[in-house]
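Undergrad: Sequence:
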Amino acid sequence: HHRLERVVCTESVDRDIQLKLNKNLIACGHSLEKLLTTKNVIDSEGENRVKGTDGSAINLIKWNIKFDGCTSPHTFLQSISERASAFGVSDNVLFKSAFCFFSDQGLLWYRGVKEQVSSWQELSELLVQEFAPVDFDYRLLGEIRARTQGQDEPTHIYFAVMNCMFSQLKRPLSDSDKLEILTHNIRPVFREQLALHDIATIAELKEKCRKIESARQMTQLFVEPPKQSSLNNDFVYKGKTKPIMPVSESPDVRETEQVSVVQPPIQAQTFRQRQPPNNEKPGSYRTKSAANKSEFCKRCKVSTHSTARCRDKTVKCFKCGHLGFTVRSCPKCNNPKN
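Going by our numbering, the residue at position 272 of the sequence shown is 1623; the numbering climbs one at a time, nothing skipped.
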């Protein structure tokens, strides 16, 4: 009995130990959660700031995206949106670090309007409103309709370019309108082969164009079978040999014979008329009348030389031979009585 009275109850002690153990487990759980957290850490202002493996924040300047007032605002905003989505950067961080994305005239504009906006969305809308043309959609739609596929432009590249142009429209086009534009602007060789096919979607049009493009590439790479001997001559391509026609029956020979029979007499006769006699040297042939006319001297009345080559410089009338007078001054030839 006395021993039982001296025994101390341990229920309260065990309860205290259990409470301490629970507190330690909760503290370990919190520590474990901190170790397993992702790279996105919420700072004191509640902004999501992306950190790398070494714990340093991503420097937005390294994105190397600048708006200088001359570039397209749509392309500028699209580039920032793509990188922000890839690295998990929030709009609040973009808005507070917006000065990193402007330079030259664009930076001056940002400094003048940063007090008028309170979010990245408002800044983006104001940027497009003030730098994009007023009739941007109208002009872009005209460029879209005029943008045809280049001669060497692959199908997948052309469709990607057109999708980017479609995405910049403020009022998006319907799928049927996009399909109509693409159908008219693809290469003519595609339109010819797809004329008898009913195409309902852009994806179907792209797939069929790529198949035609692949077939054309294979056609261009096709080569004729080799004619050299192989291990087994039975497998070598043997083309049809052209029949060898006799020389007398050859069409070229027959045609030559017909020409030589019908046409040469006239040509030979003309040629003989132009050739000098055999007893004269080449180049010295001329008729007697031509020779006498060109070699006759009016002063000496001979045909051994011409008047221009005459060495006798005596002045006399060529008509009557009166010495000392020419044909114009000769009194006998110019006498009115005569």
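I should point out that these hints are in silico values taken from the structure, not numbers from a laboratory.
Where hints are given, some of them may not hold.
Lysine-lysine pairs mimicking DSS-like chemistry, simulated, CA-CA at most 30 Å apart [as the list claims (entries may be wrong)]: (1) Lys1447 with Lys1521; (2) Lys1670 with Lys1652; (3) Lys1371 with Lys1385; (4) Lys1521 with Lys1465; (5) Lys1465 with Lys1417; (6) Lys1562 with Lys1591; (7) Lys1562 with Lys1529; (8) Lys1649 with Lys1667; (9) Lys1667 with Lys1683; (10) Lys1413 with Lys1465; (11) Lys1578 with Lys1529; (12) Lys1562 with Lys1521; (13) Lys1683 with Lys1670; (14) Lys1578 with Lys1591; (15) Lys1670 with Lys1649; (16) Lys1578 with Lys1557; (17) Lys1447 with Lys1413; (18) Lys1374 with Lys1385.
What follows is a set of in silico ranges between Cβ atoms, one per label pair, in the way DEER data are often shown [what the hints assert, rightly or not]: (19) Ser1432 with Val1540: 54 to 60 Å; (20) Pro1523 with His1548: 56 to 62 Å; (21) Ser1470 with Asp1549: 45 to 51 Å; (22) Ser1470 with Leu1372: 30 to 36 Å; (23) Ser1423 with Thr1534: 23 to 29 Å; (24) His1507 with Phe1573: 56 to 62 Å; (25) His1548 with Ser1470: 44 to 50 Å; (26) Leu1372 with Glu1433: 36 to 42 Å; (27) His1381 with Arg1462: 42 to 48 Å; (28) Leu1376 with Ser1470: 39 to 45 Å; (29) Ser1448 with Arg1366: 38 to 44 Å.
Glycine included, C-beta positions come from ideal geometry on N, C-alpha and C.
Undergrad: Mind listing which of the numbered hints don't hold for this structure, in increasing order?
TA: Checked against the structure, the hints that fail are numbers 6, 11, 12, 16, 19, 20, 22, 24, 26, 29, while the rest are satisfied.
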